[in-house]
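Trainee: If you read the protein sequences in the order shown, they are chains Y and Z. For the first sequence, position 317 matches number 317 in this note's numbering, and the numbering has no gaps at all. For the second sequence, position 380 matches number 380 in this note's numbering, and the numbering has no gaps at all.
Simulated from the structure, these hints should not be mistaken for laboratory data. Since we're looking at a predicted model, the values are computed, not measured. Think of the CB as a built atom: it goes at the ideal place given N, C-alpha and C, for glycine as much as any other residue. Heads up, none of these hints are tricks.
Within a straight-line C-alpha distance of at most 20 angstroms, the following computed SDA-like cross-link-like pairs (lysine to any residue) qualify:
id, chain 1, residue 1, chain 2, residue 2
1, Z, 359, Y, 25
2, Z, 359, Y, 84
3, Z, 363, Y, 21
4, Z, 239, Z, 410
5, Z, 316, Y, 105
6, Z, 363, Y, 24
7, Z, 363, Y, 309
8, Z, 231, Z, 143
9, Y, 140, Z, 342
10, Z, 120, Z, 411
11, Z, 359, Z, 181
12, Z, 316, Y, 73
13, Y, 290, Y, 180
14, Z, 316, Y, 26
15, Z, 363, Y, 22
16, Z, 460, Y, 25
One side only, chain Z facing chain Y, incomplete, derived with CB under 7 angstroms:
id, residue
17, 266
18, 316
19, 339
20, 340
21, 372
22, 375
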Amino acid sequence: MYAEREVHARRAAKSISELSLRHPSRAIVVLADRGAPADVEAHIEMHCHLPVADGATQVCYEQILVRARGDSRQRVASAVIPLLVPDLPVFLWWTGAPPVSGPPFGDLLGVADRFVVDSSDFARPDIALPSIARINSQAKGLFGVTDLNWTRLTPWREMITSFFDVPAWRPFLDSVSGVRVGFAVDMDGRDIHPSQALLFVGWLASRLGWRPLDALASSEAGGLLFAIARSDGARVMVRVRPRFERGLEEGDVSGIRVQAEREGQLAEFVVKRQPDPRHQTTTVLMNGEKRWERTVPLPSPAIVELIGEELSILGSDRTYEESLAALVRLS
Amino acid sequence: MQRLLPAAFCVVGTARRPLTEAAFREELRLAVAQHSRTKPLNEEVWRSFAEQLHFVATPDDRGYERLRETLDRLDHELGTHANRLFYLATPPPAYASIVRAIGEHRLRGDTGWARVVIEKPFGRNRESARELTEILHTVFREDEIFRIDHYLGKETVQNILVMRFANGIFEPIWNRQYVDHVQITVAETIGVEERAGYYEQAGAMRDIVQNHLLQLLALVAMEPPAAFDDKAVRDEKVKVLRVLRPITADGVATNAVRGQYGRGFIEGVAVNAYREEPGVARDSRTETYVALKCWVDNWRWEGTPFYMRTGKRLPKRSTEIAIQFRSAPHQLFSREASEGLEPNALVLRIQPNEGVSLKFGAKVPVQGIRIRSVNMDFDYGASFMVEAPDAYETLILDALRGDATLFTRRDEVDQQWAFVDPIIEAWAAAPEGPPIYEAGTWGPIEANLLIERDGREWRKA
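Isolated chain Z, as found in the complex (with noise of 0.2 angstroms):
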């Protein structure tokens, strides 16, 4: 619909289960139809497509036997010179075995490029992740293997790198001398969903903090890369978690917090507590809540605490990335006076009304003074009026012409992991569960103490 896509290409969608062409097309067609932002489906554009869509049902060997042919059918007649993107939409447990049929029927082709796509969660620990990135380099170079986070395709996601580095203003300050805290929501209102067989397996931990957290993180916390490509990038991200302070057996009661919704409301609804989810462990001890104080122990942070905090079923959706500024070094005005002024505060909002929002004090306009907190407000869908693409059509498109630079690396991966699973592990051994908190509210109390021990507190975001 936005004209991106190169002049000759085709989807070649395959299962296990039998599915014909046209049924393919079909259920394809019903879900652009409803999903894509250029609505209504103008037929003409969508039947001109569809005829690059084909469908090979690859139950067994045969099946992979029949998909090459095909693929190589289709190199033939459109002359793609057998580039090809393998893109793996299934479950993580099945990875293994499609990857090593790829390279079992040489299905990347003799000539072109080949990359493959992997979804999250990529490895359920370091250790599951490292095999699987073995199992994956029998047939796939590094270089050609795309992690998707797709938190990396969103647009303000990217706009923090440029609002860091395009700027000059921000940089300079962006350090443990002028930064208090940084505080990185990402709150859900939704429960588990239909998701209950993974989420079980994987918690808020794996499902949001290994990955889309931990990244966030990084781009607010690393060094300036020297250019903006995938190597420079992802070199200077790397570090940032290579210095992340782990938080050992020891150290996860005072560090680390999780919970588990309870029954509650949402925006007015009463809802469900976990346990009593479809597909969810009447004694599940999943945490759907997790709360986390870290340190990057760099020159630039030593000091600056990161605090994160993600879960489900919270009042409302919203995810941003606050860098919380000390406040001035001297008070010259009376404390009465300045009651309703709160540290400066540069706001990141990722979702929804993406934007960025700078909070200052000013006088108030009466007599005397007395002072209280403004923001100035940036809003993305103010300032241009173009319906930001979908996170995935930016990373797909990426990998399709080559650029890395959103991907996750073997090593950022590995890294993430090796933050994570020490916490998983001490709260895997804990005799007790996660606390419970009430549906609709900002998580368990143990979550306030995390962060009002150290006389902080979190946003009201």
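Here chain Y stands alone, though its shape is the one from the complex (with noise of 0.2 angstroms):
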């Protein structure tokens, strides 16, 4: 776990360590402290989760901090890597947007088997989006990336997808004429976070064949506007829209309609977050009429249940790196 500052650190190292039970590990959380005098020192902490009544077996879990001070990127490789135990699975976490190369990323990202990074935090995701698919294409099978903020769109590829499951409604896939993702921002929406949208985006484009057909252009209120291709050239107009909603993390997709058009039907495809408790809706309007309607639970979005699911996985997650690609060129 990389981090530049002292809160994100604080808080991987909380997500990892309630993790320690489903994922016994030893986490090593590097704190690069640019402003001090250059230094490095490790702290070691171990927990032990003693057996409890069912039967379970004891748990242990060892968290090392290195605090690395001053201009410490020659060194933090070094002090990180003698720390590594042999043949588990390495996982590195990044903390904001990671450089693209350069001590101490390079050496620390050459002993990794997964490289784990939460888009959310980008403050300026039009260059760090390609910045990931630019490591990405350097991993070549060495390590695989994936973006926490892929992880939490689970659950919304999972109920677009069901709608085309449904034999009735698997044509309108090749016809789809227009696609609008929300994503939540703050009262005065001054940041807006639109990583989560934008892979969405991606990911529809990499699964249909999309191609770009004007460069990106900023729409009307603030979002944006992409005009896209289909695979039989017709145009597709996709809107990615900030809003203002209660209850939800910056950045978190609030809702998807996918409209088509087929032999004079207009099909619409709606997921919507519904704040409080928390849960999807999945509607289908077939010419302003609905035909469907279902209310499923929405998983939480925790990060660390994010990161116990990443923690399982070893390998690359294809389909996460054709979206991000699809999504780069788009852009």
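Please assemble the complex out of the two chains, which come individually in their own frames, going by the hints.
Mentor: Below, the structure is given as structure tokens:
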């Protein structure tokens, strides 16, 4: 875990420690504090969960905090690598937008099996997402790349996909004419974090073979507008819009609407998030008339759940990689 | 401290420099207090042990005569029948003259046994090793010579033999049919420290490869000996060393890589380049890193390469042997499902954290099939709550008991030099010196190429 801000380091350390029963591990948290005189020191904590009544075994979890002060770029990797446990998979969790190369990033990436970022933290996704795509193209099978924001999208992708499992609605998939993706912003709408919504667009484009038609343009309401060509050449308008909604984390997708026209019928496939209690509703409209609605629980977006899910996977997530690549092409 | 020494014994220290017996005892007491596994030092036990410590200075022939008189007197007092173990802890150039003195001054007694323990390096090439053996043979028989390779005294190294030959499940797959390749790593984080004088002349090839690495290779590759005794075990080891395919001058470029550490960082601390170390020539061409690709040309190992590497100033201290098995013959799981799956590996960790681990694939517990590698771990410390003895404790006790199984025989040393000599000569003749690698990295880039050319990679130790 690499962090340049104490609050990030603490948050990540806490998440990993909450996971220790599911993923016993040695967590090495590197906190790079550039402001202080050059120095590296390590602090070790070990936690053991004692056996409980139902016969679960004792699980121990170690956490090592490496504080690297000053310009420690050259020396951080040399402090971290000896602390790795041989033969255990190494996940490199980088908070904030990662640099593309250079120490200690390159050295740490060299020992990692999986590289984890969270694009919800990216202040400039237009720069950071393409650089993740570049890192991914350098991986060449040596490590897999993942984005916790992509993991947050999973319930949305599941719901959208499930529409087209229905034989009657399946043909609409080839005639999508418009997509709207809403994502949450705070009240004043100052900082917008559209990465998650953008990844969704990238996913659709990669799965359906869409290509860019025009360059990305800002749309009127502070959102983004894509003009895209379907695989048959027809035009698809994709709109990504910030929306203020209570009870959502900034940047989280709040609703998705997919429109398709076929044989004179306008179909709308809608998934919306409802805040309290958390659930999703999925709705299908034909020519404006509601045909189907259902409500399903929405899994917790807690970061500890997300990282827990990622830690069980080694190797790369091809669907994510292709979605990211498609997104970079579109923008 | 372990009550392992015989009832009657004594230790006679000798050196060219004069030292009083009291000063000698005090020097040893401090060393034992600092390094003994049993702390604190039990003063009562030490006092009784120290009574058996003696010192004789041997600056000249008269000194050696005094040494003989002392030994004879002590034999008489203790009733030890002139059973004597000579332990030479001196720089190698002194071996010859000391052995000659032992002979000339009749230091080996008339009645009991005499043995000599020789430290590495044993010679600096095949020829000088043979000369040294000849000199030793003027005074000692081959079965009285105990050449120490302290790696062989390590518990886990001996455990290689136990793993292989006391178990029924490993030996059937311990061959070319199941083993894709073997990797042996001896990695140190330390630099040359105070040993520059010796190391400048030796380099990693003579310091580690010629003895430790080749011995580890022999133990991994050998055929099952008929018995666990010095003759059977060493006979089998030397057979492996004999069929080690020579790396000739024109094979050096593709099968051998050397390197020398430059500046870098070890555990967060900036360290000097080798050429900046005290006692090292500014333009030194001594190698501090060696990687080799070796073949054991016999029925069992045809087509299975052995990759070996050793170096100073590598990122972590680690000695291990990894047996990498072939992949399953038919992949019934999709490429995506098995992306987190690596071929099975059996890893024998020698230091630190002695133990054995076996890597195999397991299903990730979610819907659908996704496979990743997991490890089954055996940790020496966790199963046996006994601190392993230091390698030297094991070996010196073995020498006192006359068990030479864990010592290197003349023909083994000879074969080991025969293997490394041509490589050292080729490097010496090359116009350029060793490539420089940054301290704290896994050696020069050439070492990666050595193994990646074959579609394999070094383990993340």
